[in-house]
Amino acid sequence: MVVVEISIIPLSQSVVSITVSNTGDFNRARVFEVIHLFEPISRTEVAGRLNLTAASVSNIVSELLHRGYIKELGRRSASRGQPAIELGVRADAAYTIGLHFEHGGVVGIVADLKGTVLDQQQVNLSPMPSSESVLDVLTAMGTQLIQNVAFEKIIGVGLATVGPIDLRSGSVKGSEVATGWSSITLREPLAKAFGLPVFMDNNATAGAIGEYWYGVGRAYRNFLYVGFFNMGLGGGLVLNKRVYRGSALNAAEFGHMLVHLDSLRPGIPPFLEHVVSGHALCRDFGEHILETFEQRMIDQDPLLTKWLDDASQAFANALVSVDHLLDLDTIIVGGQLPPAFFTALLTRVEQRLDALYMDGWLRRSTLQLGQTGLDSAVMGAATLPIYDAFSPDSSTGKITEINFRPSNAGEPMY
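Per my numbering, the very first residue in the sequence shown carries number 542; after that it's consecutive.
Each statement offered as a hint is correct.
With beta-carbon atoms standing in for the labels, derived distance ranges:
(1) 622 x 832: 58 to 66 Å
(2) 579 x 729: 33 to 41 Å
(3) 668 x 825: 16 to 24 Å
(4) 909 x 844: 25 to 33 Å
(5) 663 x 868: 33 to 41 Å
(6) 729 x 626: 42 to 50 Å
(7) 823 x 603: 53 to 61 Å
(8) 801 x 907: 22 to 30 Å
(9) 909 x 603: 36 to 44 Å
List time: in silico DSSO-like cross-link candidates among lysine-lysine, alpha-carbon distance up to 27 Å:
(10) 612 x 694
(11) 694 x 733
(12) 694 x 655
(13) 733 x 714
What the hints contain is simulated information worked out from the structure, not anything from laboratory work. Remember, predicted model here, so these are calculated numbers, not experimental data. Even glycine gets a Cβ: it sits at the ideal position worked out from N, Cα and C.
Build the full structure now, drawing on both the sequences and the hints.
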């Protein structure tokens with residue numbers, strides 16, 4: 542018998558509870574995830590995707606209906622026979638709070654189970670903020686957002702931050718954009734202040750989870766998410782439909798891929814984010830470039846064109862290296878830079894990719910923009926409590942939040 546370590550208790554009994562249970566919790570989480578990813582979907586289709594018996598799925602669906610997490614959407618139109626009843630997630634069954642701390646400020650949202658943003662707040666931070674000031678802003682913003690929704694319906698709070706971070710202790714190990722940061726613990730004081738569980742991850746991994754749960758990532762089992770968050774560049778990796786965090790839980794530091802460019806200026810570290818990122822762009826053209834980028838592209842600015850050519854070559858080199866190693870389905874790019882930047886960069890990257898792949902490579906991964914938009918990190922943060930509560934690990938039968946390590950069982954569950 543598989544033993545799991547989280548059960549989802551009725552909303553009337555407050556938030557998600559960590560308990561010891563049995564295979565029922567594992568399969569319940571699987572059923573909920575499939576309904577979320579593929580709604581509208583029938584009971585028979587759920588059973589087929591999960592290789593469960595119709596009776597098992599029927600019992601689990603009845604329980605989820607009773608608890609209010611899902612709802613029946615009505616009968617499917619059919620030319621003959623008894624049409625199947627379609628299922629979907631009940632959006633107002635529960636809520637999450639998402640908080641994102643990055644170089645320029647803190648953003649917070651309230652979201653329902655279907656990812657609809659019900660409230661949003663933003664506070665700009667002074668240059669090089671102290672850990673105390675950031676914690677004060679996070680606490681005040683989270684407290685305000687919590688007051689705007691029924692407390693008993695809140696699953697938890699998700700926190701996405703700049704890295705590197707220590708997920709086990711819930712701390713930021715250091716920050717190039719803030720002062721007084723050295724293993725500063727955020728998760729514990731925030732959980733104490735809110736009276737809710739706090740789920741923490743770096744902003745790029747949170748963005749990957751957001752794309753998997755609500756964006757284009759739901760269609761794929763293996764993908765890399767590349768996030769341009771204000772000044773930095775990061776990565777989040779999903780393998781076999783589960784986020785991969787690595788041994789120290791800091792996998793996919795895409796911005797620190799090594800680059801070798803003849804045009805790399807002396808004194809600049811040979812890392813990708815020093816060649817292609819908001820930081821690199823503003824370093825070379827001034828902070829106003831984010832507002833004037835589109836017009837300078839229209840004017841065919843030769844300096845900006847040369848910068849984009851170099852950046853896209855380095856970016857393409859890194860992407861192909863990752864794809865050669867992992868054989869991905871797709872690479873999703875998103876973040877907070879202007880849309881014109883992504884259009885200009887990815888157009889150039891696409892032109893360079895084919896020449897970089899080894900001869901005989903069966904297929905290269907697709908390259909596309911994400912769907913969660915400019916606020917992908919805070920949307921991902923709001924997704925963390927849902928993902929950790931409802932996403933099982935097929936290799937262990939445990940729920941993701943308790944089992945940090947990803948599945949290595951080979952084929953995904955569906």
